[in-house]
Amino acid sequence: MQFGARVEELALTPPLVGVLRMISARPGLSQQQLARELGLLPSKVVTFVDDLERRGLVTRTRGTRDRRVQHLTLTPEGTELLEEVRAVIAQHEAAFCQALDPGERAQLKAFLERLASSHQLTPGVHPGYRALR
1 MQFGARVEEL ALTPPLVGVL RMISARPGLS QQQLARELGL LPSKVVTFVD DLERRGLVTR
61 TRGTRDRRVQ HLTLTPEGTE LLEEVRAVIA QHEAAFCQAL DPGERAQLKA FLERLASSHQ
121 LTPGVHPGYR ALR
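Last residue of the sequence shown: 133 in full-length UniProt numbering, with the numbers rising by one and none dropped.
By construction, these hints were calculated from the structure, which means they are not laboratory data.
This list has only true hints and no planted wrong ones.
Using 25 Å as the maximum straight-line C-alpha spacing, the simulated SDA-like pairs for lysine to any residue come out as follows:
#1 K44 with F3
#2 K109 with G39
#3 K44 with E8
#4 K109 with Q2
#5 K44 with V7
#6 K109 with V7
#7 K44 with Q120
#8 K44 with R21
#9 K109 with A95
#10 K109 with Q120
#11 K109 with H119
#12 K109 with T13
#13 K44 with Q31
#14 K44 with A5
Please construct the entire structure, taking both the sequences and the accompanying hints into account.
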């Protein structure tokens, strides 16, 4: 089963999963920072955050120094849903890599992390976001 179909069972899409993961990793980041990190247009990020906020998964807090800035954090419900997503990710990765033994999986992970780092890719965020611009 494809990852998109797996997270669809949680009423999410892969882009929304990436947004949740990024907010979880960097609580309080601004919508502008989120857009830069994901390589998305700010207007696209607003759409994603609107959806997550409407569902009670994310909160926006105005900046104290600049009230135009919106800082993002997960709600307890968002954190709980992200834990479910992490379980789906683990199942998906296990199924995807079932032909590899544990040593080969560790080696593959190390290679992929090194490649991602050399291309300044954000950990935990799929580079397919660039296609959503």
